[in-house]
Structure formats: C-alpha cells, structure tokens
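There are 2 protein chains.
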Amino acid sequence: MSTSTSTDLEQLARLSQQIRRWIIRCTSQAGSGHPTSSLSAVELMTDLMFGGHFRYRIEQPDDPANDRVIFSKGHASPLLYSLWTAAGVIEPDALMRYREFGSPLEGHPTSRFRMTEAATGSLGQGLSIGFGMALAARYIDRSPSRTFVLLGDSEMAEGSQWEAIQLAAHYKLDNLVGILDVNRLGQRGETMYGHDLNAYRDRIEAFGWRCILVDDGHDHQQVMQAWDEVESVSENNGQPIMVIARTIKGKGVASLEDEPGHHGKPVDEDEFESILADLGEPDESIRGQFSDPIVYQANPRKSEEAGLTDYEIGDEVATRDAYGNALCRLARKYPRLVALDGEVCNSTRSKRFRDDLPDRFFEMFIAEQNMVGAAVGLAVRGELPFVSTFAAFLSRAFDQIRMAPYSNANVKFVGSHCGVSIGQDGPSQMGLEDIAMFRTIQDGVVMYPCDAVSTEAIVDLIADHQGIAYLRTTRGKTPVIYANDESFSIGGSKTLKESESDDATLIAAGITVHEAMAAAKELDAKGISIRVIDLYSIKPLDHATVRRAADQTKVIFTVEDHFPEGGIGEAVLTSLSDHPTPVNSLAVRKRPISGSPDKLLDLEGISAGSIVAAVSRWLEA
Amino acid sequence: MSTSTSTDLEQLARLSQQIRRWIIRCTSQAGSGHPTSSLSAVELMTDLMFGGHFRYRIEQPDDPANDRVIFSKGHASPLLYSLWTAAGVIEPDALMRYREFGSPLEGHPTSRFRMTEAATGSLGQGLSIGFGMALAARYIDRSPSRTFVLLGDSEMAEGSQWEAIQLAAHYKLDNLVGILDVNRLGQRGETMYGHDLNAYRDRIEAFGWRCILVDDGHDHQQVMQAWDEVESVSENNGQPIMVIARTIKGKGVASLEDEPGHHGKPVDEDEFESILADLGEPDESIRGQFSDPIVYQANPRKSEEAGLTDYEIGDEVATRDAYGNALCRLARKYPRLVALDGEVCNSTRSKRFRDDLPDRFFEMFIAEQNMVGAAVGLAVRGELPFVSTFAAFLSRAFDQIRMAPYSNANVKFVGSHCGVSIGQDGPSQMGLEDIAMFRTIQDGVVMYPCDAVSTEAIVDLIADHQGIAYLRTTRGKTPVIYANDESFSIGGSKTLKESESDDATLIAAGITVHEAMAAAKELDAKGISIRVIDLYSIKPLDHATVRRAADQTKVIFTVEDHFPEGGIGEAVLTSLSDHPTPVNSLAVRKRPISGSPDKLLDLEGISAGSIVAAVSRWLEA
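From first to last, the protein sequence lines stand for chains A and B.
Going by our numbering, the first sequence opens with residue 1, and the numbers climb by one from there.
Going by our numbering, the second sequence opens with residue 1, and the numbers climb by one from there.
Please note: incorrect hints may appear among the correct ones.
If several chains are the same, the list does not tell them apart, and a pair holds so long as it fits within one copy or across any two.
In silico lysine-lysine, DSS-like type, Cα no more than 25 Å apart, as pairs [unchecked claim]:
1. Lys-497 - Lys-526
2. Lys-554 - Lys-526
3. Lys-590 - Lys-497
4. Lys-265 - Lys-477
5. Lys-351 - Lys-599
6. Lys-599 - Lys-521
7. Lys-351 - Lys-172
8. Lys-599 - Lys-265
9. Lys-265 - Lys-351
10. Lys-351 - Lys-590
11. Lys-351 - Lys-302
12. Lys-599 - Lys-172
Rather than coming from a laboratory, the hints here were simulated on the basis of the structure.
Nothing here was measured: the structure is a model prediction, and the numbers come from that model.
Taking the hints into account, I'd like the entire structure generated from these sequences.
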C-alpha cells in the first residue's frame, strides 16, 4: 500500500472520533466496561484496519488468506466492536446492546460474536493464540495471512506472552504482528515500565523480534508510517514484528487522559454529554473499508480411510504408546490433524508422529501455556490439534484450557504419566487432578482407556468429535484386553464381567481396570461375585450401565489413580445422585511419594489386593 | 571470601568427582533418575556450596541469615542429595536409598527431605520461589541471606521464569542469584539456543539482571572466579544476578557427554563399573564445609489481639470488602501476615491492606504463576502470605498451587469475583471451577462465606490454620446475616433455618445462601418446609450436619454459583455416598454469558425463583 495522503489521514481521524463516540456510548449504555483502555488504542487499530493494510473479505470470514486480528487486551472489547461497526458488520443499534443479556457483544469477546477470532479477557493469552494462527498460515495453509494482536502493556508481565515471543521468533513467524498499546496505566496504578517504550523494545528485541516504535500513538501520520513500515519489512525475513506505541489511557476525554483510577468504569454520567460534545459531530453512517486479501489457492486436503493397528490380546502395551501409534495411523484420515508437544514427545510418544510426519508436528518446548494458546489458534483456523504433555503439566495451562470453550476451539488434550503408578519420579510428575480439571470444561469429553485397542479407538473418536476432549494415558505397560475390532463410543462403557447375582460392582478406568479384574478374580474365588465396568468414558458417562449396576448389586466401588475430588468417584456419585445404592470411592488419599508403582498402588489402596480387602470388609460388615 | 588457592581448587575437584560417583551410583541403584542432568551442574554447585561462598549453619536450618539454595531443575535431585551428603547431612548409605518407597530422598525434591527449601520437579517454578525467599530476606527479615537458584536451560522457555525475572528486577533483589546450567540438551533434543550463552545473556540483561558468563562450567578456576565476582558485586546495587555457564550434559561420563537421547536414564548397567573407574578412586568420607552466616539480629515480631469489625445485621457488604477489612484488622494479630495481589487489589480489596500497611503488601502485577511461587517462597521462610486475585485467574497458577503442598507451604489463597453473579464482564472473569481446583489439594481448606461477618471470622480461622487454604469472595454486596460475635469453624456449617418436619434441605454457600433463604421463605408460604444450611466450609465439610439433614428430610438440593463438577454438589454427594436420600445439584450448567447478575442467576437455575421451581417440581413429582 502506498503512503497515506492527508485526505486519507483526515478520513481516519474522523473515523477514529466516531469510534470514540461509540466506545463511550456503548459502555455508558451498558453501565459497565472499559472505555479508557479502549480509547488508548483507537488510532492504532483504526489505522491498521481501515488505512489500507488489513486484508479481509467480510463475506468470507474463514478465507485462509484473510488477515486476522485478536484483542489480547480483551477488555478493550468496546473498541473491537466499534471497529466492526465501522466495518459495517455490526449495526450501531446492536452495538448499544453491548453487555446486555442475550447480546453477542459480551463484556470480553467470545465466539458468540461471529467476528471474534478467539475469546480473550483473561490477559496474556492473545499472543499465544495469534502465534498459533500465524503458525497455521505460514506452515500449514501457506497463505499470505498476517495475524495482528493488540496487546496491553500491563499484560506483558504475563509469562505466557514471553513464551509466545520466544516461540514465534523460533518459528520465524514474520506474519505475526503485535501491537503494544503502552498507555502506562494498569488496573490499580502504573505498570512496571510506565511510558518507557525502550524498556519494552530492549526486552522484545532481545528475543529476536523487530520493533517499530511510535512516539505518539494518537498521531495518524506516525501510526500510518508504522503500518507502512510493517508492510515493507514483513516479507520473508523471519522476524515477528512488535509495534510499540506510546498512548494515553482515556485519550479523547480530557478529564480522564492519563489519569489513574478510571480503569474499568464508564464515564461519569454527568459528564457524558459534554464528553460527546468534545468529540465533535456524530457521524453514525461513517464506515471504513478493508483491503482485499491476496489471491490464494488453498491446497485441498483429502481424507483417506485408516486401518487398525494389530494388537494381540495379552500383549503388554502402554496406552501412551498406543496414542503414538494412533496419531500416525489416523494422520491420513484426518488431514488437518497436527500434534503439539511440550518437550516430552519421547515420553508422551507423540514422537512417533513427529518422526513420521515432521511437517505436522510442532515442538512447543517447555511452555505449556503457549502450547495450549497455540492449539486454540490452530483450531480456530480449522486445524485439528492434539496437544500432549504429562497430565500434571497440563495444569500449567488451566487458565488457557478453561478459556478454550469460549472460542469453540476444537482442541484435543492428551495427558500422559497419570497417577501414582508412574512410580519413582514422585508427585511433581504425577497427574492426580487432571480428571477433575477437565471435567469442569462444559461439554468437554474426558476419556481414560485401559488398553491399547481402546486407546486407539478413542483417539479416533475424539478426533471425529467436535469439541474439547481429554485423553488420559498411562506410563506403564498394560495388557491388551479388547479385540482389535471392538467398538467404543463417547459416553460408552464396557462391562468386562457380570452375572445375574453380582454382589458388588467395581467401576474403574485406565490402570485400575486391570487391578479391578485381578481383584474380581480373587473375590470370585472367595465366593463373592463382582461386576467390573471399564468406565473409559468418564464424561459423558454411561448412566444407564452405571444405574443398572446400582440396581442389581449391593454396593459400587469406584477405583481411580487420581485424587478423590472431582474424579471418577464423584462422577459416578453424581450419576447416581438419586439412587440409594452406596458408592465407595477408592482413590489417592495418602500423600503421594516416590516408590515403585506396585508399592504406591498398595499405599493408596487402589491395587488389586487393596480392592479385595475393601470389598470384603464392606460386604462382611 | 578471598580468591581460591590451587589447593582449594584441587579439593573442590576431588569433591566434585566423589559427587559424580554418588550421582551415578544412587541413580543406578534406584534404576531411575536423571544422572546426565545432574552431572552438568556438579562444579557449579560444588564450588558454590563448598568454595567458601555459601553461608549456612546446618544446626540451624531456619536461621534467616542462612543462604538458601533451590533446584529449579528439580530432576537434578541426585546432585542436590549428593551435595548434602558432602555436607555431612545425608549418610552415603541413605543416599543409596534414593527413590525407594519410604525414603525421604524422592525422585524430585519434596519437604520430606528436611533440607529441601521447596519442592520442585515441575519445571520453571524455582525462580519464583527463590524470588519469594529473596523478597522475605530483603524486605521482611532484612537479613543478609542470599538465595541461589539452579536453573536448567530448557526450563527457561517457561513464562513463569520471565515473570520472576521481571519482578526480581523490579524489586531490586540483588540477593537473588540464578545459576543457569546451559548444557544445550533438553529432554528430546536441543534447546532453542543450544550452547549460545549470549542468547541467554542478551535476554536476561534486557530485563535488568547482571549476567556473569562462565565459558567452561566444569573449570573450577572459572567457576570460582564467577562466585568471587558474585560476592563482590551483590552489595546494594539492586540488580539480581544470573551466572550463565556453558556445561556438558553427562559431564564425567565420556560416552554420554553432550549426547542426546540419555535424558532421565541411569547409565547402562554394563558400563557402570568402567564409568566409576574413570572417575578415580572413591572417597566416601570426603566432605565440604559451608561458611558461617553473617551475624544477624532478627526483629522480634509481637502478636496483639485483634478486635472485631462492627457490622449490623442487614448491612449490604460485599464479602470481598470484608476480606480487605479483615486483613487490616488481623495484621497485628498475625505479624507475619503479608499480602500479594495480581494488579487487581482495588477489585479484590486487598488495597485496604496495601494502603494501611504498605510494607507488608507486595504488588505482583499481572503474573499469577510468579505470585503463587513467590508466596510459597515467603511461606517456607515463615511468612504468612495471603494471595489474592480473581478466582478465575488463580487457574493460571494451578501447577504452582498443586505443587505447594509438597513444600508444606502455608499459603492462603483468596479468589474474588466468583461465579456468574459478577455479571456483565462475562465468563473470562468468572470463577466457575475454582472450588473444584482447590478441593483437589490434599488437606486443603476451602471456605466460601456468605456475609461480611463470616468472611472476617474465616480469614482469622485460615490465618491461624496450618496449611493451604482457599477463600472464595463475592463481587456484589450481600446482606450481613450473622452477629459480630458469631463463631465459625473450619469444618463447620450453619443451619439457618430448620424445623422438625422439613420436607427438603437447601445446602448453599456464598451468594446462593441468600437465594436459598429467599426461596425457603417463598416455599414456606406454599406450605413446604425447607431447611437451609450455609455450608461455608466446603472442605473439610460438616458431615454430621449434612447427614442429619439427609436423615430428616426427603431430598437435598445443593445450590452453587460454580460448575457442577468438583463443586459443592459433588462434595455433599461424597459426604452422603452411602446414604439413600437423593441429592440434586443446582449449578452453572448453561454456557455463561454477559448479563446482569440477576438474569444470570436465573439463567443458570440458581436464583431464588429457580430454586423454588426446582424444589416444588421435585416434591410434587
């Protein structure tokens, strides 16, 4: 794009002022919101999107050639929506329903507003999501799309931003552009670096980004010059770009400019009219234009049927190995499947996929927050990301995981090394709260297979499933118990052993299924008949089978290699909340420590021997 | 300390070799562990601890004047334990029980080994903990203690490290020294920067730390020179220090040196003897000495009784305000109480404490992972940290929170803005999974008071309690329902309404207590008698009262402003797992959105009206 004329700049100035009016009016109408945080970024974003540099076809929002914009500072949603109003996508009347119950224009952007690329509002997450989107554009779509991420200065304290900054430089994503709105003021006072642009530049440049400084982020000439420079440098030099602009929080409202104490509040009611008057004549019909995307030919990706891995019943295979096998086997059935891992692919076994299809594997290093954010970015761009690390380390990214549903992000999580059964490495490496964590994801799927065959089937199921899914895998080898062509379902279960006169039911998943089967055998020999259910689908849960067991047996014992809270026991209790049959939960209740897997299963009362003792004791009481 | 003589260096070399033998022998004995990661840091740590620079009195481990060492790369535990063996604290025989079931020498360091400052093993957490300990030393104890943190290069990808780096510079902690063991190799291959020391220096210096480079981290002369330099520069210049050393993973074992593929494995059994032979003659009795701590006079801190805040029944007060009041009121009763907040103190109301006692308040900016790590560091140094932010944002630090119990860290967490009842800001700001998260903490306390009086009492209770506690506070005002001198207890509850012929029980906490009381009043008018229990202590839970309600009423309804999984409903179900009375859980099941609090409580079926409808429907069915 050529340098702007003064007519262009005047038009951008008029548009900016109207956007300011919209920001102030919609937040005042709502009685809540963050106008001052929105006002500081008006020129930056107006000039980006309507100054000839932002390539987007409104009629085809999903076109891989479109540029993308993410508001990492999600509380500046009034600005985001005002920009889309200026683009003609939102009617001004609808904008005035900002934050109202039922309006898609929520307090922080979510997928309910169709132009939101990804939900934000929990700070420090947008750059990772943008990194993921840029990764998709550069390495998968091979499209000319650029991803622009509006960042607040306070949120640069978040470590996740520095993960994104490292990884973006490592992946040479010169199609990723951050816009750092340095308005000096956080929520409760000044940030660590105030208006010192060089403080940001020194740090970000040190990580290999190219920085472009804008002394006055409200001067259209300077801002457009920055956008011109971004355009000219971002060709193939491998450096992500950070535009760092000195701005004024509350710019445009004299009484608020650069004043602390006004974060997250609409303007004073009694100043409302005079503030609008200061912004000049309203122009509700003013609009701006995007540029056209560069012509781009997508590579069609074909899907091919996948065969089955051939396991023999009795083979000793770790379910984490079956995961690695499944990824490779299903790669051609799901041509958009990509794998991300956090420096542990040899442990999670995603390494098999990495070695097989290196172009579809992305090493994310020891930076789980960014890995999850990147997966969200990849997912909203239509990829099918499988994210793996130790189950315990997925807790590092719980904030990113809990936000993912609000982007409708189709991400699959795989946590290995679950439970005390990992043994001697000890509790820092043990996933003991991961089932609880993932169960809290609304409509999330939580699967915990016990053998290689069910694992592979479940990888296929969750790849096919639309929505967030979690697969828990085991470090140690376990015997294959299912035939290769056995079928499984989300919400299903397998009753491995039952009779018409079962005394008790054992409900288990993963490693404890094998303990339960061994216990059942031993109890059988003592004349106690045990039903055993493999609850491989923890959420959703097979209520009918569980209820039938509650109807037909005297007591249910759940057995899990996980803390009691929020796990399989509580899931079963919830399912039977109106049923009188008692449910006893065997779970990890003692402080977990280093030791051999067998000793730890015994310590925690979830080994076959412990199950036998617990069930016998209950039935004899 | 003066520059080392060649005799000193020879002694350090001999000690280093014996430490190498211990590392190799204990991991081979255990059959697991990370010898190569331990071997790369031998000279660095041996020379630090036994070269005259580490001031520590073994007989008084808790002396505030002691220097501190933390292994952020916790998998190098063989080195940590070998160093303490060299110090004479661990017997070599005991070292050989590394990782055995029952041994305090766990796979990654935990509090079960008495010299562990804080548990590590989940990477990227040690620098935050060290930051907290340095904060305690500099700003609270005002002691000469220095905190040394051994860091791996791969874990520098973790954003939490960059949070710690920012905050340490901001707080001018020149008593914090990082030791960056740049051995080039992560778990599955090379790190992003390999052996490029300048890559680390450029980045860390940009954040204001002073960097000291060591070209050969196995050359005692160079390493001791670095420690001499640390000693000379660390006086009062306000810059934290990073020693960045080029090292070799597996140093000392020729076949493993700098070779990928050997992470986390003991040496080959058939090479064991020759490897030991290459390390020279064993010297099981060689020991090293620490230096004496600088004489230091602790300021005694006296505790004074606290009064009560005076609330009137019926006053409308947000429990978050009561939290702020309680902190101030209890400050003199708990002289070690300090408050940390993540840039939202005006929202969490810890601002009152900040304004009252600024020396005991530490702004942690928008960096929750580091905030929690810092709190662990403060706690293990004997402070009483209260950590506050929005409940939703505590999920950002779940990994740090789940690790805290293994340090026996006495940290109190306070999450504000819980539930959909925060209203228009929308789901990114709503804590809806925090009860589930904190319930998974073994022996953790989870409290959720409904009014100002109970909130203040509970702050006192959890301050007095030894162990991790979580307090959930509400954004909106709620009426005071308790008298100022009402007593509460961890594990207690309040039955607000009961009769001998109650039809149903409502169990609620926090904001839903008020909804439940209003519902009960309405149901009363319809001739339905309702018992109402304020379950302010969710964990531990008042089993006796809950069971009595299950015995005496037909049905229990739990009502919570939280997702169903892992929350109050499941806690009550677990309590009544052997009881036939049905339990129905009212919780947040619909996708949360922006809107007024009232509309959202209705949407989610947890408002008074919804409760009335649900209970009536059930009883009429």
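*Is it within, between, both, or neither for Lys-599 and Lys-521, if the alpha carbons may be no more than 25 Å apart?*
Classified as within: same-chain Cα gap 21 Å, cross-chain 54 Å, threshold 25 Å.
*For the identical chains here, do Lys-554 and Lys-526 meet the 25 Å Cα criterion within one copy, between copies, both, or neither?*
Within one copy only: 17 Å inside, 38 Å across.
*Up to 25 Å CA-CA - Lys-265 versus Lys-599, copy category*: between (57 Å within a copy, 21 Å between copies)
*At 25 Å max between alpha carbons, let me know whether Lys-599 reaches Lys-172 within a copy, between copies, both or neither.*
This pair counts as neither: shortest intra-copy Cα distance 48 Å, inter-copy 47 Å.
*asked:* When Cα atoms must be at most 25 Å apart, do Lys-351 and Lys-172 count as within-copy, between-copy, both, or neither?
replied: within (23 Å within a copy, 42 Å between copies)
*asked:* Reference check for the pair Lys-497 and Lys-526, CA-CA at most 25 Å: within, between, both, or neither?
replied: within (16 Å within a copy, 49 Å between copies)
*Between Lys-590 and Lys-497, at a C-alpha cutoff of 25 Å, which is it: within one copy, between copies, both, or neither?*
Intra 30 Å, inter 37 Å, cutoff 25 Å: neither.
*Pop the pair Lys-351 and Lys-599 into one bin, within, between, both or neither, using alpha-carbon distances up to 25 Å.*
Neither, since 30 Å and 49 Å both go past 25 Å.
*asked:* Within, between, both or neither: how does the pair Lys-265, Lys-477 come out at a Cα-Cα threshold of 25 Å?
replied: between (57 Å within a copy, 18 Å between copies)
_I want to check one pair: Lys-351 and Lys-590. Are their C-alpha atoms no more than 25 Å apart within a copy, between two copies, both, or neither?_
Close neither inside one copy (34 Å) nor across copies (38 Å); limit 25 Å.
*At most 25 Å between C-alpha atoms: does Lys-265 with Lys-351 qualify within a copy, between copies, both, or neither?*
So Lys-265 and Lys-351 pass the 25 Å test across copies only (18 Å; inside, 50 Å).
_Homomeric proximity label, Lys-351 with Lys-302: Cα distance no greater than 25 Å_ = within (24 Å within a copy, 58 Å between copies)
Of the numbered hints given earlier, the model fails hints 3, 5, 10, 12; all others are met.
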